[in-house]
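Student: Sequence:
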Amino acid sequence: MTVLLRQLQAIADELLGRGLPAPADALRRARFRPDPPWTWCERCGVTMQERACRCPTRRAGDTAPEWIVRLGAHEGTLRSWVVDVKHAGWESMAETLGAALGQQLLDCGLISRGDRDVVIVPVPSPWLRTRARGIDHAGAIAAAVARACGARCCMALRQRLGATQVDAAARAGRMARAQRFSARRCARRVAGRHAVLVDDVRTTGSTLAEAAAVLRGAGAVRVSAAVVSVKD
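Offset between the sequence shown (1-based) and my numbering: plus 626.
Hints are computed from structural coordinates only; laboratory data are not their basis.
Keep in mind that the hints are not guaranteed to be accurate.
Each computed DMTMM-like pair below joins lysine to aspartate or glutamate, with the alpha-carbon atoms no more than 20 Å apart [claimed, not checked]:
(1) Lys712 / Glu692
(2) Lys857 / Glu692
(3) Lys712 / Asp762
(4) Lys857 / Asp741
(5) Lys857 / Asp651
(6) Lys857 / Asp661
(7) Lys712 / Glu701
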């Protein structure tokens, strides 16, 4: 019976994140430091090499955030932390990474501490996924970002569980994604302000672009993004 209880406890620890180290210890052991400001492309967030990024010039109708700030590339230790935050419920690490991301926003000069015209907005997951995981990872990161830079945090968006997750048809996928995000009633708080979208990882950039379009529709005069990691 004791062995069974230990096994059950080990499973619970893994699911609830109890078996994970203290974030400060994890960062110290990994000797983690955020990337120096603007060593990535300001538009797509990928690591800058010897030559400039080849992402296309911004055009009329482009819904992507105007600027993107990150902590690092989505690889190695940082990638494993992002995965554990989302799938092992490592909320304390979400808060630690969020605090670092908030400081990165300040260091990059994208916002000023205590600016009342800045609103931090997490990119939400569908509520069914959030409930299944037991953590709103983007919300936890965004709340820590807001505390670190003295800004307000607003859960301005909702995301439905769309067919794009399983639909292989590209056209159907584009149509479904266009309606994936919607504005909550509190989204009126971004009107006339600088909205900063917060997420754990940027891959293709489509999610951030779709979310940014909704915020602009709600009246945001500027939309930037802050992500923990970017897939190069």
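Student: Quickly compare the C-alpha distance for Lys857 and Glu692 to 20 Å and report which way the hint goes.
Tutor: Holds, at about 18 Å.
Student: Does Lys857 pair with Asp661 here, judged by a C-alpha cut-off of 20 Å?
Tutor: Satisfied, since the Cα-Cα distance of roughly 14 Å is no more than 20 Å.
Student: Holds or violated: Lys857 and Asp651, Cα atoms, limit 20 Å.
Tutor: violated, 25 Å
Student: With the threshold set at 20 Å, check whether the alpha-carbon distance from Lys857 to Asp741 stays at or below it.
Tutor: violated, 30 Å
Student: Measure nothing beyond the straight line between the CA atoms of Lys712 and Asp762; if it is 20 Å or shorter, mark the hint as holding.
Tutor: holds, 8 Å
Student: Please work out if Lys712 and Glu701 have their alpha carbons no farther apart than 20 Å.
Tutor: holds, 15 Å
Student: Do the alpha carbons of Lys712 and Glu692 lie within 20 Å of each other, as the hint requires?
Tutor: Violated - the C-alpha atoms of Glu692 and Lys712 are around 26 Å apart, more than 20 Å.
Checked against the numbered hints given earlier, the structure breaks hints 1, 4, 5 and satisfies all the rest.
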